[in-house]
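Since the structure of chain A is already known, use the hints to place chain B on it.
One line per chain: the protein sequences are A and B, in this order. The numbers in the numbering used here rise by one with no breaks, and the one at position 60 of the first sequence is 60. The numbers in the numbering used here rise by one with no breaks, and the one at position 417 of the second sequence is 417.
By construction, these hints were calculated from the structure, which means they are not laboratory data. Do not rely on the hints blindly, as some may be mistaken.
If several chains are the same, the list does not tell them apart, and a pair holds so long as it fits within one copy or across any two.
[As the list claims (entries may be wrong)] Derived DSSO-like pairs (lysine-lysine); straight-line CA-CA distance at most 30 Å:
#	residue 1	residue 2
1	K121	K391
2	K219	K60
3	K391	K425
4	K60	K121
5	K106	K425
There are 2 protein chains.
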Amino acid sequence: MAKTKAFKPKARRPRGFEDRAADVLRAERALVAAASGVYERWGFEPLETPAFEYADALGKFLPDEERPNEGVFALQDDDEQWMALRYDLTAPLARFAAENFQNLAKPFRRYQFGEVWRNEKPGPGRFRQFVQCDADSVGAGGPAADAEMIALAAEVMGAAGLTEGDFLIRVNDRRLLDGVLEQLGDAAAEKRLRVLRAIDKLDRLGLEGVEQLLGAGRKDESGDFTEGAGLDAGQAAKVLSFVEIQSLAAEQADPTRFTLDRLTATLGETSSGKAAVGDLEAIVDMLDALGKSPSWTLDTTVVRGLGYYTGPVFEAELLASATYEDGSPMRFGSVGGGGRYDDLVARFTGQAVPATGFSFGVSRFAAALSALGRLDAAEPDPLVVVVAAEKDRMADYFRLAAELRAAGLRAESFVGGGNMGKQLKYADRRGAAFAVIVGSEEREAGTVAVKDLALGKRLAEKMTDRSEWEERPQQFTVPRDGLVAAILERLQG
Amino acid sequence: MAKTKAFKPKARRPRGFEDRAADVLRAERALVAAASGVYERWGFEPLETPAFEYADALGKFLPDEERPNEGVFALQDDDEQWMALRYDLTAPLARFAAENFQNLAKPFRRYQFGEVWRNEKPGPGRFRQFVQCDADSVGAGGPAADAEMIALAAEVMGAAGLTEGDFLIRVNDRRLLDGVLEQLGDAAAEKRLRVLRAIDKLDRLGLEGVEQLLGAGRKDESGDFTEGAGLDAGQAAKVLSFVEIQSLAAEQADPTRFTLDRLTATLGETSSGKAAVGDLEAIVDMLDALGKSPSWTLDTTVVRGLGYYTGPVFEAELLASATYEDGSPMRFGSVGGGGRYDDLVARFTGQAVPATGFSFGVSRFAAALSALGRLDAAEPDPLVVVVAAEKDRMADYFRLAAELRAAGLRAESFVGGGNMGKQLKYADRRGAAFAVIVGSEEREAGTVAVKDLALGKRLAEKMTDRSEWEERPQQFTVPRDGLVAAILERLQG
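For reference, chain A alone in the conformation it holds in the complex (with noise of 0.2 Å):
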């Protein structure tokens, strides 16, 4: 063709875009499906909305966000609306919603899996395509819709094959943090979201960082300076000293119980202070009669980044590590989370309707179940190659491969170019477990030749005691008829 010639353009993915290869797919999948299966033994419906909504639709509440856009990947149709991918599966489960209200059973319980897009500095690790498995409840105000979540989700982790002390799902209420602004008056109310942030960041930054933050600002080493939310320095202890209610309960004999009756003491006398105390209360309630105290636990340094919360939130942290070839240790940190967000149908309909949700990063997720080596990731059957040792013959190859295909294995006859050398490498490459081979002197005799190559490796790493094997050919002629019997003799033994 000329224009091959014209233009050559580079084999390249645009940056922060990851191509997944079956390993890490078969991972993802196990995961999606044991996930699936949790969600709809809990009564949830599938649902998929589409990659693209309208921007307005999608609303702003993503983190650090400041320009129109920012953190989106938007187009304008056209028609000059302009659209953008979801960047989470919440925004647009709310559009559906609001669009959707009176034809549903409420509450609108759904699950959905699929890629989100965030238009973001890509970095190690950090995709700007990934994908998310969320859960959600339109139409429940209770804390019961919450507790549920919670539940929920320490059952999709142990369905993914955590056990007891490999997680936490670690449970706040971002209505304790406005209990504390109502204390310190209507100004500081005003700065909730910087405050947010600024306690988001104790993670990384130290309770010093966070001071500095929830103060004038703070200068990083780099010399950038991140302006404070402007709070005097009582206004920041408050702050403070409410987020070290966690460090505090972590040394307690009954930390939630500790925990609920500080929140109680310092904030029970504010209206918002008030009500998250007595849904968490409840919260705790219902999770105990489930017996899964081990897999939860209260902690107000939970803040986690989205806007658009207004209640209880919530964040799954996997406590199980591994380690890297070096000895130096893995670290996992935050796999999902989610919370209440009351406020975001009633964007569309300007009437509250309530919900609550959790969401789990897949990719993140998965990588570490691999790592852990908990994910049951099927591994699939054993795969026999038969080689194209005649082209002229390819008719019988092909019958062959179809003859261990019905017999359960997985098959392929070689449609590729090259030798019988080349085949056998290319086998060899695929992992397969034998080679098959009719040649033209096996072909005249109504013989196969089958080549053993799961034994040959096995012999060649030295994996196996070489004297239980040996009276085992690694080579071995079977009569044509016999090829399907002989194979799964062999993978039985």
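For chain B alone, kept in the frame of chain A given last:
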């Protein structure tokens, strides 16, 4: 929140994008699972490329595409490079294969399913986002790889519940038309794409319409004029006589043999035609070996819309028919297709890398299978709704639902608001089989009341012999500890 009042976006989707609910998703997922199972069994590996590619890497192969970036959703990255959402899964595969060529075991055989996006005018049943499911071989030049694609597609259709006579995979070769154009001289060869598009409209416009498009052009009923390929009457007649081989073959005892002989007779002297007929002979030989001849046919009218095909092309057509409620026939037509595209990887590498593949339109195919009642999309297990009779006893209801789930049922405790009547209505709308009620009376007696909603529905619809069920009450009371056993027994009875 103040901003709720300040701005109220309308809850609506961008045109041409759909929300897919439980029924549709269960059908699509069953189809994707069936297809993936077949691909895995044939030794294909999963791969997922990202939604975005650089626009130049995707190339311009969509039908009727004239302006830059037409037909795709494109935007500029912050480094000013144009990115576009993939319009199919083949162009990204070519990019992937070129980018990773040295590290792949060849032929590289992968399957992929996922969304694709086309920036076209939406219409009824015509969406701008849809799901495709593809299998491709990269690095396999011979007809064996094409034959494999056809056999694979037929097996997928079988796995989707279709049987002999329900479908047909139509096979053609683009080089045959090149052979015809060779006979017409070089000037005509340059008109290749227009000629292809003219033939592609045979179904819709008939022979006369195609003849006009091969010649000066055609004015449609609305008065719009489509420019033709500019062939003279004699040239157009030669193209048409090639296309018409299909209808002649259909009347023969052995249409395949007739077609191959006729093609040899008319095009065997041209270099393109000769190569095509040779490959088709080999493909026929291999498919015959699999004993699946009723599932495919040679068909000189098949074109395929995409511009990148270079050799054999395939089209999967549903023949099985269903009827609308008014008795009028439901037409399904093409649900997938593919072909050989030997120049697509070479766009990047400059070196020829042969490739062939097959793509199913999942949404369209699954919808057709649902209408035909052919796809076995597993019905979800029976749902039990635990009514929230006493709002301060939610912990008990949580425990009840957990016990029911542990017994293998789908179960939820109602987490929304509203009285018993509203909750029972909810259970009914959700299609629940049972509602479980523990009010103060039952609680004190240590019992549980169960409403058999499925039985109630059968009685209400008079779909059952009333006498058969009359000894079974619609509502019954069991001891708290006997709930799970009682429900399981009802489900078996």
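Hints the structure violates: just list their numbers, smallest first. Hint 1 alone not satisfied by this model.
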